[in-house]
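Asks: Taken in order, these protein sequences are the chains called A and B. Quick note: the first sequence uses our numbering, first residue 4, plus one each step. Quick note: the second sequence uses our numbering, first residue 26, plus one each step.
Any given hint might turn out to be false.
When the alpha-carbon atoms are kept at most 20 Å apart in a straight line, the in silico EDC-like pairs for lysine to aspartate or glutamate are as follows [what the hints assert, rightly or not]: (1) B:Lys270 with A:Asp104; (2) A:Lys119 with B:Glu63; (3) A:Lys115 with B:Glu374; (4) B:Lys270 with A:Glu41; (5) A:Lys113 with B:Asp177; (6) A:Lys9 with B:Glu156; (7) B:Lys250 with B:Glu374; (8) B:Lys270 with A:Glu62; (9) A:Lys8 with B:Asp177; (10) B:Lys270 with A:Asp102; (11) A:Lys30 with B:Asp271; (12) B:Lys270 with A:Glu92; (13) A:Lys119 with B:Glu152; (14) A:Lys91 with B:Asp271; (15) A:Lys91 with B:Asp273; (16) A:Lys109 with B:Asp273; (17) A:Lys27 with B:Glu374; (18) A:Lys109 with B:Glu152.
Sample of chain A residues lacking proximity to chain B, with all beta carbon distances greater than 12 Å (derived) [as the list claims (entries may be wrong)]: (19) Thr15; (20) Lys34; (21) Asp56; (22) Pro131; (23) Ala132.
Per the computed footprint, the stretches of chain A lying under chain B, defined by three or more beta-carbons under 8 Å from a beta-carbon of chain B, are [as the list claims (entries may be wrong)]: (24) 65-78; (25) 86-97.
Hint data in this document are derived by calculation from the structure and do not stem from the laboratory. All residues carry an ideal CB built from backbone N, CA and C; glycine is no exception.
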Amino acid sequence: MSEAKKYNAPVTNPETAPFWEAAKAGKFMIKRCTTCGEAHYFPRAICPFCFSDKTVWEESSGEATVYTYSLMRKSPTGPYAIAYVTLKEGPSLQTNIVDCDLETVKIGQKVKVVWKPTDGAPLPFFTPA
Amino acid sequence: MTIKGKAYIAGIYEHPTRHAPDKSTAQLHAEVAKGAIEDAGLTKDDIDGYFCAGDAPGGLWPMVDYLGLNTKKLRHVDSTETGGCSYLIHLGHAAEAIAAGKCSVALVTLAGKPRTGPMPPRASGAEADFELAYGATTHNAYGMCAMRHMHDYGTTSEQLAWIKVAASHHAQYNPHAMLKEVVTVEDVLNSPMISDPLHRMDCCVVTDGGGAMIVTTPEIAKSLKKPLVRLIGHGEAMKGPRGGKDLDLTYSAGVWSGPRAFEEAGVTPKDIKYASIYDSFTITVLMQLEDLGFCKKGEGGKFVADGNLISGVGKLPFNTDGGGLCSNHPVNRGGMTKILEAVRQLRGEAHPKVQVKNCDLAIAHGTGGLLGVRHAASTCILERA
């Protein structure tokens with residue numbers, strides 16, 4: 004894995020700006036609906052389950068389990084492991100597994116959030132816990 | 026209201042090219058349109074409905090103008106964009122428009138040149154900041170589905186390879202197929218790993234080209250000379266991670282589009298004589314066969330093994346043109362060619378070596394987008410009238 008990989012800064016918008024502000028402080032935020040109680044990711048103003056507008060920010064533990072992955076071997080920027088991980092709080096999300104021997108990634112593996120810098124807010128990735 | 030039997034596919038055309046550096050994309054659209062109109066025995070002035078998707082340069086207005094469609098007659102247009110299955114949805118929507126009297130002769134075109142030049146990036150939605158950095162591509166998004174399917178159901182690379190093997194058995198008889206060589210399970214497993222667990226030979230070809238069809242009323246179809254093929258059931262559906270709740274990448278939106286189409290048609294998977302199943306990757310076929318009910322969820326591996334998809338050998342002949350895995354995948358969009366080979370089978374116009382005997386009922390099914398991320402699915406049940 005190339006450590007020098009450059010990532011574009013998130014564009015952000017009024018709906019998601021609090022996520023990126025928290026990211027700058029190293030906090031991984033999800034949204035939870037106070038009407039139906041469900042957590043979701045990526046964050047929306049309106050709950051994608053019950054459509055209530057009573058959604059609040061909540062800091063995630065950043066602890067997750069690999070749901071699935073694929074080691075992309077043919078890439079001009081070098082191999083990378085794309086994955087879905089399931090957060091301890093419930094929601095699953097797309098990410099890359101980084102900072103490890105990519106050949107050892109496996110389903111069910113425990114991972115934790117790690118941040119990679121951009122020219123703006125940092126981006127969340129996951130690495131073996 | 027049902028569309029059952031309300032619309033017929035009267036004209037089809039698949040561009041023979043697989044590499045077209047000497048043509049424009051709009052030109053390819055015009056060439057396939059001309060081919061389908063002539064196959065139907067109609068003229069351009071008969072067209073009063075036009076359907077195209079994201080591959081059409083500039084979309085509806087420029088295409089209608091470029092093709093010189095008769096704008097005094099043109100009274101129904103639709104640019105539904107759902108990636109590779111757009112044209113399956115167009116067929117359903119054309120039938121709806123025809124059933125409602127909104128048009129009587131609909132033209133659907135697909136064409137483009139991914140082999141010749143770079144394709145525009147996939148448009149992204151509200152998820153962009155939360156996903157683009159992770160590099161989801163077709164290969165790895167389908168790879169993630171395959172990986173989880175293997176984990177949950179014990180599906181093997183050998184089983185997936187049988188899908189490519191079956192496609193190659195069919196492609197050897199298609200003079201236009203990009204890959205005509207018959208391959209073995211070992212060949213697939215020995216091809217380079219692209220994105221685990223998908224090997225190079227688990228992936229479809231990249232081709233320039235296109236295809237088109239004419240959808241019309243029963244009355245007009247019966248006035249023409251081609252064997253009669255009609256749509257008797259249609260379904261469409263979408264699926265995505267939806268906030269990340271209960272993520273399950275082992276099934277596609279076909280679990281919803283399939284039953285909708287079968288119910289409308291009043292038939293079951295057991296009745297199907299020939300199946301066109303979108304084969305962007307081998308895993309796409311396996312998951313869709315399960316989702317459509319040709320076998321139970323998780324048993325797709327066993328179902329596709331040992332030549333079960335080979336015409337004249339197995340129980341469910343599929344993609345007898347060689348499919349996207351071996352013949353053609355114009356503009357990285359496989360929905361149109363799925364319909365075209367199903368129509369050939371129902372007309373009795375498939376290659377004699379792969380023609381299914383008494384082929385009176387066929388399915389054409391596909392997905393669009395990224396199976397492991399966000400995608401659409403559409404199912405069409407076609408009948409020889």
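Asks: Determine for every hint whether it applies to the structure shown.
Replies: Structure-based check of each hint:
no. : hint                   : result
1   : B:Lys270 with A:Asp104 : violated, 29 Å
2   : A:Lys119 with B:Glu63  : violated, 57 Å
3   : A:Lys115 with B:Glu374 : violated, 57 Å
4   : B:Lys270 with A:Glu41  : holds, 9 Å
5   : A:Lys113 with B:Asp177 : holds, 18 Å
6   : A:Lys9 with B:Glu156   : holds, 15 Å
7   : B:Lys250 with B:Glu374 : holds, 14 Å
8   : B:Lys270 with A:Glu62  : holds, 17 Å
9   : A:Lys8 with B:Asp177   : violated, 33 Å
10  : B:Lys270 with A:Asp102 : violated, 27 Å
11  : A:Lys30 with B:Asp271  : violated, 24 Å
12  : B:Lys270 with A:Glu92  : holds, 10 Å
13  : A:Lys119 with B:Glu152 : holds, 18 Å
14  : A:Lys91 with B:Asp271  : holds, 13 Å
15  : A:Lys91 with B:Asp273  : holds, 17 Å
16  : A:Lys109 with B:Asp273 : holds, 17 Å
17  : A:Lys27 with B:Glu374  : violated, 63 Å
18  : A:Lys109 with B:Glu152 : violated, 25 Å
19  : Thr15                  : violated, 6 Å
20  : Lys34                  : violated, 9 Å
21  : Asp56                  : holds, 15 Å
22  : Pro131                 : holds, 17 Å
23  : Ala132                 : holds, 19 Å
24  : 65-78                  : holds (count 9)
25  : 86-97                  : holds (count 9)
This entry does not satisfy hints 1, 2, 3, 9, 10, 11, 17, 18, 19, 20, going by the numbered hints stated previously.
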